[in-house]
Amino acid sequence: MKMSLKYYYDLLSQPSRALHIIFRLSGLQFEECPVALRNGEHLTDEFKQNINRFQRVPCINDNGYKLAESVAILRYLSAKGKVPEHLYPKYFVDQARVDEFLEWQHITLRVTCAMYFRTIWLDPLLTGRSPSASKIETLRLHMERTLDIVEEVWLAQSEFLTGPTLTVADVFAACEIEQTRMADYDVRIKYPKIRAWLKRVRAACNPHYDVAHQFVYKISGTGPQAKL
Amino acid sequence: MSSIFKFYYDLMSQPSRALWISFKLGKTPFKDCPVALRKREQLTDEYKQINRFQKVPALVDGDFHLSESIAILRYLSDKGQFSEKLYPKNIKERARVDEFLEWQHLSVRMSCGYYFMQAWLLPINRLAPKPSAENIDKMIKNVESNLSLIERLWLDNDFLTGQQLTVADLFGATEIEQLKLCQYKVNEKKFPKVFKWLQRVRQESNPYFDEAHSFISVKSKQAALAKL
Ligand SMILES: N[C@@H](CCC(=O)N[C@@H](CS)C(=O)NCC(=O)O)C(=O)O
Ligand SMILES: N[C@@H](CCC(=O)N[C@@H](CS)C(=O)NCC(=O)O)C(=O)O
Chain F
1 MKMSLKYYYD
11 LLSQPSRALH
21 IIFRLSGLQF
31 EECPVALRNG
41 EHLTDEFKQN
51 INRFQRVPCI
61 NDNGYKLAES
71 VAILRYLSAK
81 GKVPEHLYPK
91 YFVDQARVDE
101 FLEWQHITLR
111 VTCAMYFRTI
121 WLDPLLTGRS
131 PSASKIETLR
141 LHMERTLDIV
151 EEVWLAQSEF
161 LTGPTLTVAD
171 VFAACEIEQT
181 RMADYDVRIK
191 YPKIRAWLKR
201 VRAACNPHYD
211 VAHQFVYKIS
221 GTGPQAKL
Chain A
1 MSSIFKFYYD
11 LMSQPSRALW
21 ISFKLGKTPF
31 KDCPVALRKR
41 EQLTDEYKQI
51 NRFQKVPALV
61 DGDFHLSESI
71 AILRYLSDKG
81 QFSEKLYPKN
91 IKERARVDEF
101 LEWQHLSVRM
111 SCGYYFMQAW
121 LLPINRLAPK
131 PSAENIDKMI
141 KNVESNLSLI
151 ERLWLDNDFL
161 TGQQLTVADL
171 FGATEIEQLK
181 LCQYKVNEKK
191 FPKVFKWLQR
201 VRQESNPYFD
211 EAHSFISVKS
221 KQAALAKL
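Protein chains in written order, with full-length UniProt numbering: chain F, 1 to 228; chain A, 1 to 228.
Hints are computed from structural coordinates only; laboratory data are not their basis. On a predicted model such as this, the values are computed, not experimentally measured, just so you know. The reader is advised that the hints may include incorrect statements.
Stated by the list, open to error - Subject to a maximum C-alpha distance of 20 Å in a straight line, what follows is the list of computed SDA-like cross-link-like pairs (lysine to any residue):
| id | chain 1 | residue 1 | chain 2 | residue 2 |
| --- | --- | --- | --- | --- |
| 1 | F | LYS48 | A | SER107 |
| 2 | A | LYS55 | F | LYS80 |
| 3 | A | LYS48 | F | LYS6 |
| 4 | F | LYS66 | A | LYS190 |
| 5 | A | LYS6 | A | ASN90 |
| 6 | A | LYS92 | F | VAL187 |
| 7 | F | LYS90 | A | GLU84 |
| 8 | A | LYS55 | F | ASP148 |
| 9 | A | LYS193 | F | LEU28 |
| 10 | A | LYS48 | F | ALA36 |
| 11 | F | LYS48 | A | SER145 |
| 12 | F | LYS80 | F | SER134 |
| 13 | F | LYS82 | A | LEU155 |
| 14 | A | LYS6 | F | GLY128 |
| 15 | A | LYS185 | A | LEU155 |
| 16 | F | LYS199 | F | VAL187 |
| 17 | A | LYS55 | F | ILE107 |
| 18 | A | LYS180 | A | GLU211 |
| 19 | F | LYS80 | A | LEU155 |
| 20 | A | LYS185 | A | ALA128 |
| 21 | A | LYS27 | A | GLY80 |
| 22 | F | LYS66 | A | ALA224 |
| 23 | A | LYS92 | F | TYR65 |
| 24 | F | LYS66 | A | LYS27 |
| 25 | F | LYS66 | A | LEU149 |
| 26 | F | LYS66 | F | THR108 |
| 27 | A | LYS48 | F | LYS90 |
| 28 | F | LYS82 | A | ARG96 |
| 29 | F | LYS66 | A | GLU211 |
| 30 | A | LYS79 | F | LEU28 |
| 31 | A | LYS130 | A | ALA224 |
| 32 | A | LYS55 | F | ARG53 |
| 33 | A | LYS190 | A | PRO129 |
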């Protein structure tokens with residue numbers, strides 16, 4: 001039988017991993033379409049014309065309907081009844097709490113973790129040049145200002161970001177934070193609540209969490225149990 | 001019966017204006033709760049009780065507190081208190097609007113917001129010197145690379161996601177309109193589609209568009225005169 005939902009992703013991309021884990025947890029049937037960003041597979045005209053005009057991952061093609069942006073994809077599939085309610089609540093008040101996080105993270109957690117990762121891991125690989133110590137310091141401060149809010153506000157009184165159980169908010173957040181392992185950042189040192197929460201997220205998502213993070217573990221040389 | 005919620009906002013904030021215009025256009029009643037960012041009212045303990053992140057916009061509906069503009073509009077839409085024209089119910093149409101709303105954070109919002117803050121907000125409040133011409137150029141380049149994405153990828157139709165005005169257009173236009181304060185105007189030759197689209201958005205949402213931007217218009221004219 002022809003699979004109707006195509007999922008384009010790269011496991012080195014944070015939102016790609018988040019959706020990969022969410023799809024697996026949801027028992028969703030989809031066709032795996034890995035895209036190797038490192039080989040520039042997303043930069044071809046063919047990708048732009050036929051797959052995603054923004055030339056990014058993640059994205060989907062649902063029976064001819066093309067959609068980009070991880071959070072928009074999640075909402076679309078949820079509206080189609082493909083994502084279980086415990087991961088993305090249907091009741092609007094509960095859903096609003098999860099949405100609040102999904103909207104909040106872009107310009108905070110996502111930007112600062114991604115910049116840290118890019119500047120310290122990716123750019124040197126591409127250009128052969130390392131960032132200055134002061135640059136690293138500034139990026140770390142920015143990132144930690146956001147991590148402080150995760151630790152002190154989002155995790156102030158609950159086991160997960162938006163309540164007592166795992167939702168997609170936790171999956172998105174954990175995938176962003178895990179990315180910084182590759183830049184040798186160990187979030188667990190300064191942030192005891194984040195540390196304990198990451199363990200809970202992984203346990204609630206496994207085996208899918210470890211599958212999605214296999215390259216992160218490999219590149220960073222740190223498995224989930226390893227000390228950095 | 002739907003309750004009248006409290007809406008906390010400042011018309012100097014882009015997402016606040018996008019919501020304010022949507023409420024006016026869609027005839028959503030709300031209890032007016034302006035917050036003066038220039039007086040730092042968002043940083044008081046009192047306001048922290050309203051919104052733990054100390055930002056605008058925010059909503060209080062009974063004892064439910066919510067921040068993040070997009071989470072707010074989705075919540076109100078589910079409660080039947082938000083215009084269906086502006087935020088469609090049809091799954092695919094809505095996903096297109098969501099695609100833009102999620103995309104804009106790290107593209108339009110980040111580049112316009114940064115330029116606005118560095119070139120106008122901080123200097124005018126004597127919190128930082130005016131950036132060098134070279135830095136301004138960099139910021140403008142960044143803004144324009146995003147305008148060019150709108151020009152090429154989002155404007156096949158009259159509006160960003162089709163032939164009708166939606167919240168996507170309001171979120172996009174309020175970010176760009178604010179740059180008038182930096183004496184930045186969208187160049188019709190460089191970005192003909194964006195230029196015409198901005199006019200259409202204004203027309204479609206007036207008189208509220210102009211009302212929401214009246215302070216920005218006055219200030220930007222004063223600043224232009226002062227330069228002469
Ligand atoms: N806001 C987007 C972000 C998408 C994105 O930035 N994807 C990155 C990988 S994490 C990408 O494809 N980058 C390739 C490029 O920019 O060339 C989402 O959440 O889906
Ligand atoms: N992503 C948020 C952005 C909120 C935001 O950044 N608000 C700004 C004004 S545009 C603010 O309240 N700034 C005050 C401050 O940071 O102290 C949303 O869309 O609601």
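- Are the Cα positions of A/LYS92 and F/TYR65 separated by 20 Å at most? With Cα atoms ~8 Å apart, A/LYS92 and F/TYR65 stay inside 20 Å; holds.
- Message: Tell me if the straight-line CA distance from F/LYS80 to A/LEU155 falls inside 20 Å.
- Response: 27 Å, violated
- Query: Given the proposed pairing of A/LYS55 with F/LYS80, does the C-alpha separation stay at or below 20 Å?
  - Reply: 33 Å, violated
- Do the alpha carbons of A/LYS55 and F/ILE107 lie within 20 Å of each other, as the hint requires? 13 Å, holds
- Item | 20 Å limit on alpha-carbon distance, applied to hinted pair F/LYS66 and A/LYS190 | 29 Å, violated
- CA of A/LYS48 to CA of F/ALA36, is that 20 Å or under? 44 Å, violated
- Message: Check whether the Cα positions of A/LYS55 and F/ARG53 lie no farther apart than 20 Å.
- Response: 33 Å, violated
- CA of A/LYS27 to CA of A/GLY80, is that 20 Å or under? Status holds; Cα separation ~12 Å.
- Taken at face value, is the distance from the CA of F/LEU28 to the CA of A/LYS79 at most 20 Å? Judged against 20 Å, a Cα distance of about 29 Å means the pair is violated.
- Item | Pairwise hint evaluation, A/PRO129 against A/LYS190, where the allowed Cα distance is 20 Å at most | 30 Å, violated
- Query: Does A/GLU211 lie within 20 Å of A/LYS180 when you go C-alpha to C-alpha?
  - Reply: 15 Å, holds
- Message: Just to be careful, I want the Cα atoms of F/LYS66 and F/THR108 compared with a cutoff of 20 Å; is the pair within it?
- Response: The hint is violated at about 27 Å.
The structure does not agree with the numbered hints 2, 3, 4, 5, 6, 9, 10, 12, 13, 14, 19, 20, 22, 24, 26, 27, 29, 30, 32, 33 stated previously, though it agrees with the rest.
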